[in-house]
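Here are the chains, one letter per residue:
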Amino acid sequence: MASGKNNAVISVIGKDKVGIIAKVSTLLAENNININDISQTILDDIFTMIMMVDLQGLKIEESDIKEKLNSLGEELGVAITIQHTDLFDKMHRI
Amino acid sequence: MIKDFEILETMQMFNEQHLDIRTITMGISLMDCAASTVEESCNKIYDKICRYAGNLVEVGEQISKKYGVPIIHKRISVTPISIVAAACGSKDYVPFAKTLDKAAKTCGVNFVGGFSALVQKGYTNSDKVLIDSIPEALATTDFVCSSVNLASTRTGINMDAVRDMGVTIKKAAELTADRDALGCAKLVVFANAPEDNPFMAGAFLGPGEPECVINVGISGPGVVKHALEGVRGADLGTVAETIKKAAFKITRVGELVAREASERLGVPFGIIDLSLAPTPAVGDSVARLLEEFGLETCGTWGTTAALAMLNDAVKKGGTMASSFVGGLSGAFIPVSEDEGMIAAAASGSLLLEKLEAMTCVCSVGLDMIAIPGDTTAETISGIIADEMALGTFNNKTTAVRIIPVPGKGVGDFVEFGGLLGRAPIMAVNTSSCADFIHRGGRIPAPIHSMRN
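Chains A and B supply the protein sequences, listed in that same order.
Quick note: to get this note's numbering, add 21 to the position in the first sequence (first position is 1).
Quick note: to get this note's numbering, add 412 to the position in the second sequence (first position is 1).
By construction, these hints were calculated from the structure, which means they are not laboratory data.
Heads up, a few of these hints could be off.
What the hints assert, rightly or not - Partial pick of chain B residues on the chain A-facing surface, computed with a CB cut under 8 Å:
#: 1; residue: Asp-416
#: 2; residue: Glu-418
#: 3; residue: Thr-422
#: 4; residue: Gln-474
#: 5; residue: Lys-478
#: 6; residue: Gly-480
#: 7; residue: Val-481
#: 8; residue: Ile-484
#: 9; residue: Arg-644
#: 10; residue: Arg-664
#: 11; residue: Glu-667
Said to hold, decoys possible - Some chain B residues near chain A, calculated using beta-carbon distances under 8 Å:
#: 12; residue: Ile-414
#: 13; residue: Ile-419
#: 14; residue: Met-423
#: 15; residue: Tyr-479
#: 16; residue: Lys-657
#: 17; residue: Lys-661
#: 18; residue: Leu-668
#: 19; residue: Leu-802
What the hints assert, rightly or not - In silico lysine-lysine, DSS-like type, Cα no more than 27 Å apart, as pairs:
#: 20; chain 1: A; residue 1: Lys-44; chain 2: B; residue 2: Lys-415
#: 21; chain 1: B; residue 1: Lys-456; chain 2: B; residue 2: Lys-510
#: 22; chain 1: B; residue 1: Lys-460; chain 2: B; residue 2: Lys-514
#: 23; chain 1: B; residue 1: Lys-517; chain 2: B; residue 2: Lys-460
#: 24; chain 1: B; residue 1: Lys-657; chain 2: B; residue 2: Lys-728
#: 25; chain 1: B; residue 1: Lys-766; chain 2: B; residue 2: Lys-728
#: 26; chain 1: A; residue 1: Lys-36; chain 2: B; residue 2: Lys-415
#: 27; chain 1: B; residue 1: Lys-510; chain 2: B; residue 2: Lys-460
#: 28; chain 1: B; residue 1: Lys-540; chain 2: B; residue 2: Lys-510
#: 29; chain 1: B; residue 1: Lys-415; chain 2: A; residue 2: Lys-38
#: 30; chain 1: B; residue 1: Lys-820; chain 2: B; residue 2: Lys-766
#: 31; chain 1: B; residue 1: Lys-728; chain 2: A; residue 2: Lys-89
#: 32; chain 1: A; residue 1: Lys-80; chain 2: A; residue 2: Lys-44
#: 33; chain 1: B; residue 1: Lys-415; chain 2: A; residue 2: Lys-80
#: 34; chain 1: B; residue 1: Lys-517; chain 2: B; residue 2: Lys-583
#: 35; chain 1: B; residue 1: Lys-456; chain 2: B; residue 2: Lys-517
#: 36; chain 1: A; residue 1: Lys-87; chain 2: B; residue 2: Lys-540
#: 37; chain 1: B; residue 1: Lys-510; chain 2: B; residue 2: Lys-415
#: 38; chain 1: B; residue 1: Lys-533; chain 2: B; residue 2: Lys-583
#: 39; chain 1: A; residue 1: Lys-26; chain 2: B; residue 2: Lys-415
#: 40; chain 1: A; residue 1: Lys-87; chain 2: A; residue 2: Lys-44
A virtual CB, placed ideally from N, CA and C, is assigned to each residue, including glycine.
Same shape as in the complex, but just chain A (with noise of 0.2 Å):
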């Protein structure tokens, strides 16, 4: 579609606690994942990370990398979403 890049952004919302992102980075590395970029802050207690990654191939409609992220977020206590980058694209830039 739009980029013909396979990138998507991995969203991780919620209470701050330890092991947040060397557990998700884990399970992507286990997925074959790579990450591209990692930005995080935390605002009132709230830990907002936002990570671009590239699929390196895996399509998020044919894998159950949605739900294994989602559960790994109902473990962590924290909202995990992943969404394809073409999506951000064509919202945000003409």
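Following the hints, put chain B in place on chain A, whose structure we already have.
Chain B only, in chain A's frame:
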């Protein structure tokens, strides 16, 4: 490089502001399903719909997963059945409706539109059979939607059909009286009906459309309302600019989904319908959005002006985002499907006459309005005639989807459930227009129809 605040803004739109793709609607031509017997024609229709739309729902779900975008409905629109069924010579088209219903269930979609006729200038024999079949068709099917185009700016208004549709709506209400006249929620009459509209109940695939096409309807009143909350007290030029920007972003999501659906299904992309379509959920209301302009309650003075500006700014932002904008495009103002409209109507601030004025500047017309069950067929025809005149003489699409609920009167509530919502029964001017309606004939096309 996309900035973090842009990512968070997008996520808020989906998670908190109810942004969604309201519908992916596959239009399927049934022109080649005409046959000399009802059975043969119905078999062809069923096979063709299932062949084309068999994986529509699955593809919709894949796209939804890829982008994290909710896609609420997957639907089908077809060639008006009055055209397809004409060759079979039957006097009853209910079997066609049942076939559409069965095909919808097999494909897993939740509505199929096109039990329709285009009679703006007059009836064919087949159009008459179709209209006679509407009440039973809606009472005996679950997912079939029906629409009739009664008028256009080019042709004027077919007042015979306006008279007959008043009677048809009453019959549809009686046959579904046990379900609070639910049949009428699946029936709409139009002036200047668009042939590529993806939204129900009025979706059908017009005669000028391709063999198969993907049309996408977006939504997002909550997104626009949220954007306006950021410019409270600013002048109206700023408000218009803010709406345009929000509409642009919403429409781009629709464009992305439509293009991808078209590619995956191997079917051409038709149009994006950039309508602000409310739901009964709190935070997804066009009425609350209008109130954000500075109105105490939707329906008070200023509502029409605010709606005019909203409708126009939505279109301006949307047309920048997609070159193929069509369908109804603008702001819908259904009553039962909009939490703020329900509250405004129940409080007495929003009256039927004000809704009529609002339809001069909204995207469609009088929509999902419950009225007393003892309203006469002629009065319903009178309401339709006025709405058709607004569309015909102002060169816009207008529509009426009105529900005379048997056994209920002003002050009662009717519950349809789900996206169809709930509505207070609204008062109707009962002074008779019967002699006007029974004149019949045609109201000639307006002078500005002659543009050649």
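- request: Please flag the earlier hints that this structure goes against, numbers listed from lowest up.
  value: Failing hints, ascending: 8, 9, 16, 19, 31, 36 and 37.
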